[in-house]
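Quick note: the sequence shown uses the numbering used here, first residue -5, plus one each step.
Bear in mind the hints are in silico, worked out from the structure with no lab data behind them. Do not rely on the hints blindly, as some may be mistaken.
[What the hints assert, rightly or not] Lysine-lysine pairs mimicking BS3-like chemistry, simulated, CA-CA at most 30 Å apart:
1) LYS25 / LYS39
2) LYS88 / LYS306
3) LYS39 / LYS29
4) LYS443 / LYS470
5) LYS426 / LYS457
6) LYS457 / LYS470
7) LYS126 / LYS443
8) LYS25 / LYS71
9) LYS71 / LYS268
10) LYS426 / LYS463
11) LYS87 / LYS268
12) LYS88 / LYS71
13) LYS268 / LYS306
14) LYS88 / LYS194
15) LYS463 / LYS306
16) LYS426 / LYS88
17) LYS48 / LYS29
18) LYS194 / LYS48
19) LYS443 / LYS457
20) LYS194 / LYS463
21) LYS426 / LYS470
22) LYS39 / LYS65
23) LYS194 / LYS268
Nothing here was measured: the structure is a model prediction, and the numbers come from that model.
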Amino acid sequence: MSLSLHKDSHTFLYQQVIDLVREMQRSDALKAGDKLPSLRSLATKLSVSVPTIKQAYIELEQQGLIYAREKSGYYLKALEPNAVSPTKSKLAKKPVPVTRQQLIEQVYQGIHQAGNLPLGVANPVATMPASKALNRAMRRVMSVAGDRAFQYGPTQGYEPLRQQLAMRYLDHGLQVNADEIVITNGAQEAICLALQAVAKPGDVIAVETPCYFGILELIESLDMLAFEIPLCADESISIADIEGAVDQHDIAAVVLSSSIANPMGCWLSNSKKKEIVRLLESRNIPLIEDDVYGELYFGSERGLPAQVFSKKNMVLTCSSFSKTAAPGYRIGWVLAPGFVDIVGRCKRAFSCSAPLLNQWTITEYMRSGEYDRYIRHLRQVLQTNKDRMVSLVRESFGPNVLVSDPKGGAVLWLEFDRAIDGDELFQAALAKQISISPGSLFSPINRFKHCIRISYSLPWCEKVEQGVKTLASLVKELG
-5 MSLSLHKDSH TFLYQQVIDL VREMQRSDAL KAGDKLPSLR SLATKLSVSV PTIKQAYIEL
55 EQQGLIYARE KSGYYLKALE PNAVSPTKSK LAKKPVPVTR QQLIEQVYQG IHQAGNLPLG
115 VANPVATMPA SKALNRAMRR VMSVAGDRAF QYGPTQGYEP LRQQLAMRYL DHGLQVNADE
175 IVITNGAQEA ICLALQAVAK PGDVIAVETP CYFGILELIE SLDMLAFEIP LCADESISIA
235 DIEGAVDQHD IAAVVLSSSI ANPMGCWLSN SKKKEIVRLL ESRNIPLIED DVYGELYFGS
295 ERGLPAQVFS KKNMVLTCSS FSKTAAPGYR IGWVLAPGFV DIVGRCKRAF SCSAPLLNQW
355 TITEYMRSGE YDRYIRHLRQ VLQTNKDRMV SLVRESFGPN VLVSDPKGGA VLWLEFDRAI
415 DGDELFQAAL AKQISISPGS LFSPINRFKH CIRISYSLPW CEKVEQGVKT LASLVKELG
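Please model the entire structure based on the sequences and the hints provided.
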């Protein structure tokens, strides 16, 4: 195959080298155990610097595709048996309307039906509730605030909470003014306000696919269209696919999971985030980043928000405490330096303000240091649960499933043979009092009917293990 790079592309050269090595693997030009070209020889062939090749090889090693032998070079790694990742779908051909509401309603009914095992819900704090620490924080607030805590709060949100958030962003090297933050009723409202701030009915919104169904439901409710850009379990999203989408279609905004994708669980590297922001800002296209799982990473350090790389204030960062403290408190936020005024106006028209007592309590919880201690422990518990769940899924389903290997978050993405209908599996599981999320929810055009999403965020117990084994039996019956 031809070895060449496109130096006039917006994609960084090292990323093109990564794509080239992966293509060589897919085409069998490189096989497991083969030695990769040396840094110097490949740099010469591609007419790039040795550090460019070195950066590409380091990232490929971090992704688990290659490994280094001391004083020998880099080699292509063999995939572990039954460890193949879910497949990448194709780039959409055109924008499409979203019609997911009826199925979403059925899924929510299944989640909340008494007696059901909610394997489909992404609720990380369920595995280790923070209720005792939050109750202590609320008592401290009430002892000081009294009746003031039950009043309406300001539309933009409780200022001490916004200041706490601004200080947390400093840890990522991002200097934020508290006045650039709007407190919302959860991340769902945050993304809704962000969409309203940058787009109008009929506009096209580019989304990753598979995409969290709550975002698709928002696009549907706002009478916008979705354009799908495929995710890859190993590489996250392709810069070339984003570039192709914005070149060929009139994209009003892009919505991406900026750290851990839901449901795929893949990791968007800081270098790729920087490229995406650079590309979109060169076209004056806003990026709405869903950073709700940013704190729930399994590696050595948190991924940076895409906001860090913005030069033109075209990024709107949306997150919440729903996945890291208290889903019932419904406290989220939008960090939108370039759009804060319009986001605030939309918030005032939409819901006036977020609950003041809950904002005050979260602020006290953060100030006390208990929030950071809790998150550190929660990450450890979730990673243990993830490892258990991946092992159980592979043992129970055998070779009939491709399973994601999430780099954080709370969910697994399972891909079956196309003969398996995820919607039918959803109904069959409900009859056994097991609630899952069918894959068709995560695309506006039923791309993933042979997939499902399950969670490892429940406290680990025999009921969870038996539920997964029951799902495996149902898959065999349906197949």
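Here's how the hints hold up against the structure:
no. : hint            : in the structure
1   : LYS25 / LYS39   : holds (20 Å)
2   : LYS88 / LYS306  : holds (28 Å)
3   : LYS39 / LYS29   : holds (16 Å)
4   : LYS443 / LYS470 : holds (16 Å)
5   : LYS426 / LYS457 : holds (12 Å)
6   : LYS457 / LYS470 : holds (20 Å)
7   : LYS126 / LYS443 : violated (40 Å)
8   : LYS25 / LYS71   : holds (8 Å)
9   : LYS71 / LYS268  : holds (28 Å)
10  : LYS426 / LYS463 : holds (12 Å)
11  : LYS87 / LYS268  : holds (26 Å)
12  : LYS88 / LYS71   : violated (37 Å)
13  : LYS268 / LYS306 : holds (13 Å)
14  : LYS88 / LYS194  : holds (18 Å)
15  : LYS463 / LYS306 : violated (51 Å)
16  : LYS426 / LYS88  : violated (39 Å)
17  : LYS48 / LYS29   : holds (15 Å)
18  : LYS194 / LYS48  : violated (44 Å)
19  : LYS443 / LYS457 : holds (26 Å)
20  : LYS194 / LYS463 : violated (46 Å)
21  : LYS426 / LYS470 : holds (15 Å)
22  : LYS39 / LYS65   : holds (22 Å)
23  : LYS194 / LYS268 : holds (27 Å)
Taken one by one, the earlier hints fail for this structure at numbers 7, 12, 15, 16, 18, 20, listed in ascending order.
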